[in-house]
Amino acid sequence: MTRIGCLLAMTEPARPTALLQVALAHSPRVEDAGAGRVYLDASGLQGLFGDEQRLAARLHQAAAAAALETRVGIAGSRIAALAAARLGAGATVVEPGGDAAHLAAAPLSLLGLSEDVAARLSRWGLRTLGELAALPTAGLFERLGGEGVRLQRLARGEDPRPLAFSRPVPLFEESVNCEWGMETLGPVVERMRELAVRVCASLSARGLAADAFEWVCRLDGGGVHEGALTPAVPMTDAAAVSGLLKLGLAARPPRGIVQSLTLRARPVRVTPAQESLTDRSRPSPRLLAATLNRLMALVGPDGIGVPALLDSHRPDAVALSAYHPHPTLLPRREREPEESSCELREPTLALRRLRPPAPAAVTLASGRPVALRSSRLAGRIVAGVGPWRSSGEWWSQHRWLQDEWDVELADGTLCRLAHDGSAWHLAGIYD
Amino acid sequence: MAIPIESLPPPGWDRKGIDGLLGLFPPGRLSEIVGPRSSGGSSLLLAFIARFTTSGSQGGGQVAYVDGMDALDPASAAAAGVDLSALLWVKCAGRLRAALGAADLLARCPGFPLVVLDLDELGPVPASAQIRLQRAVEGSDTILIVRSARHREGSGASLVVATRRLAPRWMGLRPLTRLAGLRSEASIARSRSHPLSPRGEGYTWTLDWTL
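First to last, the sequence lines map onto chains A and B. FYI, in the numbering used here the residues of the first sequence are 1 to 431. FYI, in the numbering used here the residues of the second sequence are 1 to 211.
Hints in this document: simulated from the structure, not taken from any laboratory. Among the clues, some could well be false.
[As the list claims (entries may be wrong)] Below, a sample of chain A positions facing chain B; criterion: calculated Cβ distance under 7 angstroms:
#1 295
#2 346
#3 430
[Said to hold, decoys possible] Calculated from the model, a selection of chain A residues having no Cβ within reach of chain B, i.e. all distances over 10 angstroms:
#4 148
#5 172
#6 380
Just so you know, even glycine gets a beta-carbon here, dropped at the ideal spot from N, CA and C.
Construct the entire structure; sequences and hints are all you get.
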């Protein structure tokens, strides 16, 4: 005998999944019907929670403990359970076999009718489910077709559709407690490796990968040490994740005795793509991620990335963005049109920037530079053009103004000088 | 280890035009572009990177640029035709050891068919590091190019391209109005995979760089 419970939220839940979590705590078979309504299979739960009155009361209490204002109904069908929840107060149980009688007084709006059908039933003078259930089925079929018969069966408490089970949102998180505490990095890394193996196995079992890992070390004395790593490509390789975690922990070790560890992964679904036989092989995600993390440890996180020109006339207006190899690893014909518009151009003279620009002492004659002395270059200026004035962002605190000169030194070096209104700098060398 | 010497120039050996020069850098080997300031060495390097990142025949062109002195000007690179989205820029802020370590890591990572180590005037490079870099790309398809001011003895480079400044090009009569470009010369100073002329002269290219 099927028994269905309905959890109906009377107010908007603070968390969308809160209602589902309450239901899942009582039954593994749960349907999220949306609009603050969750159905659960209440059959066979007597051994766990006692009779249905106790189950309903327990559901109501659990929801209240989760700061949810709800009503609970248990009946033989979804529609009857919904009616019990909506029309009752607190927790209501409809005895087995009593669904039709319980629904008889319920309004037609409980069926979620379309405007057209609701208008027709209203014209016929029907107001309650009991009145709909009492109509002759053949006549209802002639006027409303199969939809009319379905609605009448619902009105009689006959709901043949099984529950559409909602799978709980998987949580890829593993923890380990160490009562004795871990003072050195070695045991922490080893425990972290064990957690990584478990998390990666859990991800692989669901055909997922993770594009971010977060760890939390709870320290003796109540402190918390947190960290995160973002591999260049989503991965489930436990050895690679362990290696990256080791690098991350070594770069920023916990400052104290570690009492417990938690590793959390952010799952993503990676769509497999057909490789082209004519292209070079792609890098192993594990190797690429490990290389990028080692590079970050070597030069710092701000020292590595993909250069991007900023929309500004400010000299050397460049930003570094994170390196994600996927789009550029694609063969060029598969890239976006705007990305593939680069063409070979005529040979262009390159400027080598000095960062930061080197302070320089420049001798002027008739307003033109004739000699340069700086830590990088010094000499007589034999030719020069300028000034090329540029300025911008005068409306903000980051305003800038610069006069630039292209000059040739006596030894043939071509360089760019800049004057910001107060001092000269050697901005770059043409090469 | 025996170094293969071919008796005939390989297909695509073109003495005219920059494409012929750029086609000489051998995969799986260490190459060098050497030349003093304003000799066109960096321009030659960017031209090669531009060709690499925009040429489908090279396999989609991921390029790792290890910048020893943080001297790369992305605006110049974009003007030269480099697809910046295919460029991984590693800035080493003048730290030689970091630059060598980064180049070694990237040369061993199979995702980057072209790795550039721009040392400019950083140095001296320990001999062990040079050998390590050479070994890192051996047997792979990776092209490793070191850009420096001068050729480093014992570097083990298979190809050394030397650049030399000829003359700047200015626009306008006196007074000059604009720097138009630079004329430079590139020559093969050393090649272990391609034969040089019997008289020992390097193959030379005259290159006109525009600004």
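Each hint tested on the structure:
1. 295: holds (6 angstroms)
2. 346: holds (6 angstroms)
3. 430: Holds. Min distance 5 angstroms.
4. 148: Correct as stated: the minimum Cβ-Cβ distance to chain B is 60 angstroms, above 10 angstroms.
5. 172: Given that every Cβ of chain B is farther than 10 angstroms from that of residue 172 (chain A), nearest at about 27 angstroms, it holds.
6. 380: The claim stands: residue 380 (chain A) keeps its Cβ more than 10 angstroms from every Cβ of chain B (closest is about 15 angstroms).
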